[in-house]
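If you're matching positions, the sequence shown starts at 1 in my numbering and goes up one per residue.
What the hints contain is simulated information worked out from the structure, not anything from laboratory work. Fair warning: there could be bad hints in the mix.
What the hints assert, rightly or not - Distance windows between CB atoms, simulated: (1) G315 - N258: 18 to 24 Å; (2) W267 - G467: 24 to 30 Å; (3) D381 - Q477: 22 to 28 Å; (4) P294 - R391: 26 to 32 Å; (5) E193 - L452: 48 to 54 Å.
Stated by the list, open to error - When the alpha-carbon atoms are kept at most 25 Å apart in a straight line, the in silico DSS-like pairs for lysine-lysine are as follows: (6) K441 - K278; (7) K13 - K56; (8) K276 - K8; (9) K493 - K54; (10) K473 - K493; (11) K169 - K182; (12) K393 - K276; (13) K448 - K473.
Here a beta-carbon is modelled for each residue, glycine too, at the ideal position from N, C-alpha and C.
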Amino acid sequence: MATSLDSKRAIGKKMVIACDGTWQNSDQGYDDSVFAPPAAQIPSNVTRIVRAIKHKDDTGIPQIVFYQRGVGANGDEEDKVLGGATGAGLSEHVREAYGFLANNFDPESQDALNDVSRPIDEIVLLGFSRGAFTARAISSLVSDVGLLTRAGMESFWGVFGDWMKQNVKGRQSEWFESRFGKKVSFTDPVYRETLIEHGITRWPMPIRAVGVWDTVGSLGIPLPFHAVNVKEFSFVNSKVAEHVQHAFQALGLDEHRNLFTPTLWEWPDNDQNLKKLKQCWFPGVHSNVGGSYPDAGISNITLAWMISQFEETDGGILTFDPAYLDLLQDMNNQYYIKQKEPIRPWALGKLYDSAPHNTVKGIVAGLAPIVRTPGRYHVVDDKTGLQTNIRLKNTCECIHPSVRIRMDSGGLGTEEDSKHVSEVSHLLNAVKGLVGLTSNKYSSAALKNYDLVESAAVNSEATGASGVAWRAKDGGQGLPEEELGRTEVRLLKRSVDVAGKV
């Protein structure tokens, strides 16, 4: 008999899997990309949240972190080009992180997992960009098969192969037949029951939380490479995996590259385990939200938001070092000083133009810009990677107060990095202007179909705790404004000029 995911039992340790974004590698510490001269690498929010996690939580429970470099960050030029552009290596990253969990998770057996008097470890998954998809795929794998025992890991390749091919119509597992003499498909309940019976896996396996920054492209892969590189991952759909208890995603309103459509979650049909889903929109582009730009003003805000979710949800999921967060804020102020610029207040950090204008890729992306559509995304076809006409439901989206503050304070729109300015910049800016993507005063084109209103003018269920909401002009569902968490408020008060406007 399987243990309930809701059992109240002691926690052994907290295991955190942190999957970095494409080409990100904090183990190396510098960027030797084939596309630019070597330079010190600016860490993403995955790296920074890992560094902020304390060794033990407030009750003394160990918090153990496994950091995984991003796809395309293995060091050789072939991996940088193929892995970064196509997602080659995703399968390896999923297996690597899963192996760490399986080998270190306690209880070690199904009987011990069922014994609620014994402590149980907790699992937390983090990721940015392609790493966000990796984290989501791991949550799906753990939900589907649990965690293999150490002896069961001898059969991992067969089980993993069956999991990857579960959508192949009529396919029966050759590995399973050779081992157990039965012809069954991976999705047949007999498959998992047999693994449990023979001590190969432990199931069900609760996942305390998944937190990601800006999962992009269909299933995390830029669309042109979707069909040939992640078709086998197509079953990792937009619904939160079955055994995830809390899911959080930070999203960028102003990413306009046509290959980077965000992949939102929706509430699962089998929702007995999910307690909370929240997806929050912020000003900025992909790496403003996930980190790795020189001006970390916006990524500091998205980092503080994610940390607030983990600190304040369900009695506290993880514990963080506030001094490290103060250091990050102070370091960004020092960046402004070194650039001989005024210190930008909270919410007014630089929004980078994510499509550089001095490359063929950048020019193509700039000439075919798209506008993101919060609250209006659709189910993705797992064969083509394109959106269907079926709208996602129960996505639990909200708008962060930094969007309103940036607008009210006269913040700028996207700005080009000085090293990317070229003679075609004016042309591309004109093209973007035609679809509302201007680079002067900030007014996100993604919100063109919403009006900012006070709570008295909107339905109560669409209003955030701040008393502000974004009302849909088409009469559809509006989006509430998010409430700031404790860590967010503390860092806001350390900023300058803006606190009184929130």
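Quick rundown of the hints versus the structure:
1. G315 - N258: 18 to 24 Å: Distance hint for G315, N258 is violated at roughly 42 Å.
2. W267 - G467: 24 to 30 Å: Given range 24 to 30 Å: holds, Cβ gap about 25 Å.
3. D381 - Q477: 22 to 28 Å: At 23 Å between Cβs, range holds.
4. P294 - R391: 26 to 32 Å: 38 Å Cβ-Cβ, so the 26 to 32 Å window is violated.
5. E193 - L452: 48 to 54 Å: holds, 53 Å
6. K441 - K278: Violated, at roughly 29 Å.
7. K13 - K56: holds, 9 Å
8. K276 - K8: holds, 18 Å
9. K493 - K54: Holds. K493 to K54 sits at ~23 Å (cutoff 25 Å).
10. K473 - K493: The given pair, whose Cα atoms are some 34 Å apart, is violated under the 25 Å limit.
11. K169 - K182: holds, 18 Å
12. K393 - K276: holds, 15 Å
13. K448 - K473: holds, 9 Å
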